[in-house]
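Participant: Residues per chain are reported as follows:
Protein chains: 2
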Amino acid sequence: MTDLRKDPITGRWVIISKERAKRPHGFAREPLDRGDSELCPLCPGNERMTPPEILAYRDSGGPNDSNWTLRVVSNRFPALRIEGELGKTADGIYDRMNGIGAHEVVIENPSHDVDLFDLPEKQFQNVLWAYRERFLDLKRDHRFKSAIVFKNHGLAAGAALAHSHSQIIALPIVPKRVMEELLGAREYYRFRDRCVLCDIVMQEMEQKIRIVEETAEFLVYAPYAPRFPFETWIVPKRHQCAYEMINENQAYALAAVFRRTLRRLNIALENPSFNFIIHSAPFEEGASDFYHWHVEIMPKMTNVAGFEWGSGFYINPTSPEESAKFLRELPE
Amino acid sequence: MTDLRKDPITGRWVIISKERAKRPHGFAREPLDRGDSELCPLCPGNERMTPPEILAYRDSGGPNDSNWTLRVVSNRFPALRIEGELGKTADGIYDRMNGIGAHEVVIENPSHDVDLFDLPEKQFQNVLWAYRERFLDLKRDHRFKSAIVFKNHGLAAGAALAHSHSQIIALPIVPKRVMEELLGAREYYRFRDRCVLCDIVMQEMEQKIRIVEETAEFLVYAPYAPRFPFETWIVPKRHQCAYEMINENQAYALAAVFRRTLRRLNIALENPSFNFIIHSAPFEEGASDFYHWHVEIMPKMTNVAGFEWGSGFYINPTSPEESAKFLRELPE
Numbered sequence: 204m205t206d207l208r209k210d211p212i213t214g215r216w217v218i219i220s221k222e223r224a225k226r227p228h229g230f231a232r233e234p235l236d237r238g239d240s241e242l243c244p245l246c247p248g249n250e251r252m253t254p255p256e257i258l259a260y261r262d263s264g265g266p267n268d269s270n271w272t273l274r275v276v277s278n279r280f281p282a283l284r285i286e287g288e289l290g291k292t293a294d295g296i297y298d299r300m301n302g303i304g305a306h307e308v309v310i311e312n313p314s315h316d317v318d319l320f321d322l323p324e325k326q327f328q329n330v331l332w333a334y335r336e337r338f339l340d341l342k343r344d345h346r347f348k349s350a351i352v353f354k355n356h357g358l359a360a361g362a363a364l365a366h367s368h369s370q371i372i373a374l375p376i377v378p379k380r381v382m383e384e385l386l387g388a389r390e391y392y393r394f395r396d397r398c399v400l401c402d403i404v405m406q407e408m409e410q411k412i413r414i415v416e417e418t419a420e421f422l423v424y425a426p427y428a429p430r431f432p433f434e435t436w437i438v439p440k441r442h443q444c445a446y447e448m449i450n451e452n453q454a455y456a457l458a459a460v461f462r463r464t465l466r467r468l469n470i471a472l473e474n475p476s477f478n479f480i481i482h483s484a485p486f487e488e489g490a491s492d493f494y495h496w497h498v499e500i501m502p503k504m505t506n507v508a509g510f511e512w513g514s515g516f517y518i519n520p521t522s523p524e525e526s527a528k529f530l531r532e533l534p535e
Numbered sequence: 204m205t206d207l208r209k210d211p212i213t214g215r216w217v218i219i220s221k222e223r224a225k226r227p228h229g230f231a232r233e234p235l236d237r238g239d240s241e242l243c244p245l246c247p248g249n250e251r252m253t254p255p256e257i258l259a260y261r262d263s264g265g266p267n268d269s270n271w272t273l274r275v276v277s278n279r280f281p282a283l284r285i286e287g288e289l290g291k292t293a294d295g296i297y298d299r300m301n302g303i304g305a306h307e308v309v310i311e312n313p314s315h316d317v318d319l320f321d322l323p324e325k326q327f328q329n330v331l332w333a334y335r336e337r338f339l340d341l342k343r344d345h346r347f348k349s350a351i352v353f354k355n356h357g358l359a360a361g362a363a364l365a366h367s368h369s370q371i372i373a374l375p376i377v378p379k380r381v382m383e384e385l386l387g388a389r390e391y392y393r394f395r396d397r398c399v400l401c402d403i404v405m406q407e408m409e410q411k412i413r414i415v416e417e418t419a420e421f422l423v424y425a426p427y428a429p430r431f432p433f434e435t436w437i438v439p440k441r442h443q444c445a446y447e448m449i450n451e452n453q454a455y456a457l458a459a460v461f462r463r464t465l466r467r468l469n470i471a472l473e474n475p476s477f478n479f480i481i482h483s484a485p486f487e488e489g490a491s492d493f494y495h496w497h498v499e500i501m502p503k504m505t506n507v508a509g510f511e512w513g514s515g516f517y518i519n520p521t522s523p524e525e526s527a528k529f530l531r532e533l534p535e
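Just so you know, the sequences run in chain order R and B.
In short: position in the first sequence from 1, add 203, done, that's our numbering.
In short: position in the second sequence from 1, add 203, done, that's our numbering.
So here's chain R without its partners, still in its complex pose:
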């Protein structure tokens, strides 16, 4: 069984995944293999290699047929289990609960070799819509307090399968980074009666020096204090606390600008490993005035993360003004 455990000093929760338990010699990494689609559990025809689908888009046929264009399944090696009670207990001064949660894989397209940013806009939109559908469904489970979408692209970003996919994790807690944003944004709102991300969008649009692209609905920019070179955020210009509030038009607009941004990064940094993560308000009510959902894209250009992990203090060799200018001026 998997444990969720809370650090008694900082309040950070971690997953201790005993089922995937590793002995000291179990850490060897297999390199990402792009070639072998016969053995790829995410390829059409291999549906039996994954748990049954939770959601799929297809024009005809039934569940788990191979003619899908997008498919969502449970992770075969889930960090968290969907069945069971939370079982919150104390262990002396420590706090733990069972590793209950959802861990899903969004198979973004049937082709083994096509990356997310190489999909047509319409298919990219389907991916974003699938995230929304899953959020709305997971939200109905009252054991879950929050969900996040993320993608690991490339070995340095932690991808384990070459076939392009993203992941959704729903949690019985609010993860630390979202909690920090939540507390910071609430503090700002109390003081100023305005949403901090709305104010950031306003200032970025005035200063213009960190903007990569502006559309009617979204602002793409390098944040003022980025942790990583070429870290890039996509923020809705209208105030909206939760990702699942997007409508169809917004999803289409986001698909266009998100796809262009990933393509820009891919050209500028020559096919970098990257992660993106969608931060969205926790499921419980109360954050609607001050929290503002957004996408954070983090290319993995440097390897100096050990110190940063230990201190929370990031040294970034590329200023956001430079990275935004570079991305802005790239031919599309």
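It is worth saying that the hints were derived from the structure and are not from the lab.
Treat the hints with caution; some may be incorrect.
Chain copies aren't distinguished; within one or between two, either way the pair holds.
Cut-off 30 Å, straight-line C-alpha distance, at most; resulting in silico cross-link-like pairs (BS3-like, lysine-lysine) [unchecked claim]:
id, residue 1, residue 2
1, Lys528, Lys342
2, Lys379, Lys440
3, Lys291, Lys348
4, Lys325, Lys342
Place chain B on chain R using the hints.
Facilitator: The following block gives chain B in isolation, referenced to the frame of chain R:
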């Protein structure tokens, strides 16, 4: 000039190191080269390749002579500069200050090929004593609020030079991870009138299942909610808020147990990359009752950090009970 910039949502400070500015194609990494000690700026005889020494241990001879056993110099490519004013300014809703701070390199021994954990205990003690001396000196500069010691060992941990060394950074702010511990520990103290790390030490000594080694002065254990496989902490059993408070006997005791712990990890994980960091109370008064200095050792066994960076949520495949048992039972 280097900027210190504050993220307006979470309050995290980052260093934007414009002098080391990198264009998109500047991120290629040179592999760690162990062979070439002629070109190593940390080797004896190459003292002119580093800035002048700040501190050195040698039996005879003068500053910057080549007969040292330990040497502390400024980093040649410092993330922060020692000269200048803080120049705190607002930029609209953003906050920044000049990148003032100290960034020093502790060259732990003259031999190009001898790792820290292969030094004799006495020399290991010198390294720990040098940290203390530098802390006491840096503390006198009232621009600095805190200092941290850290070591990157191996490429995956961000080491750029093969010659064994550690680093000290003194900062005009308190880094985020230390601040979190400080706030969490203060909260705990307010509630219970006890230091949280003292309580942890007590419970670990009772439960015994996460202990790697116990000595008269120190407890070595795997923390209850570790972020990384084989994460290991060394905590003084007596309550002490700041590293620089250690006396000579404690330094000797710490050297012995710290060295053994690194050797255990090195054997168990077959020469892993690792980081360690010493968390110590900020220089300003007021934390003495509730903060408790300690060493955090983080082997780098997994590469799945992208998601963790984005969420602050760690998935750890090795439970602390397993890792402690494995390390405890290793023949020394």
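Participant: Work down the list of hints and note, for each, if the structure agrees.
Facilitator: Taking the hints in turn, this is what the structure says about them:
Taking the shortest alpha-carbon separations for Lys528 and Lys342, neither the intra-copy value of 39 Å nor the inter-copy value of 40 Å comes in at or below 30 Å. Taking the closest pair of Cα atoms, Lys379 and Lys440 come within 30 Å of each other both inside a single copy (25 Å) and across two copies (29 Å). In this assembly of identical chains, Lys291 and Lys348 lie within 30 Å of each other by CA distance solely inside one copy; the values are 14 Å within and 39 Å between copies. For a Cα distance limit of 30 Å, the shortest separation of Lys325 from Lys342 inside one copy, 26 Å, qualifies, whereas the shortest one across copies, 59 Å, does not.
In summary, the one numbered hint that this structure violates is 1.
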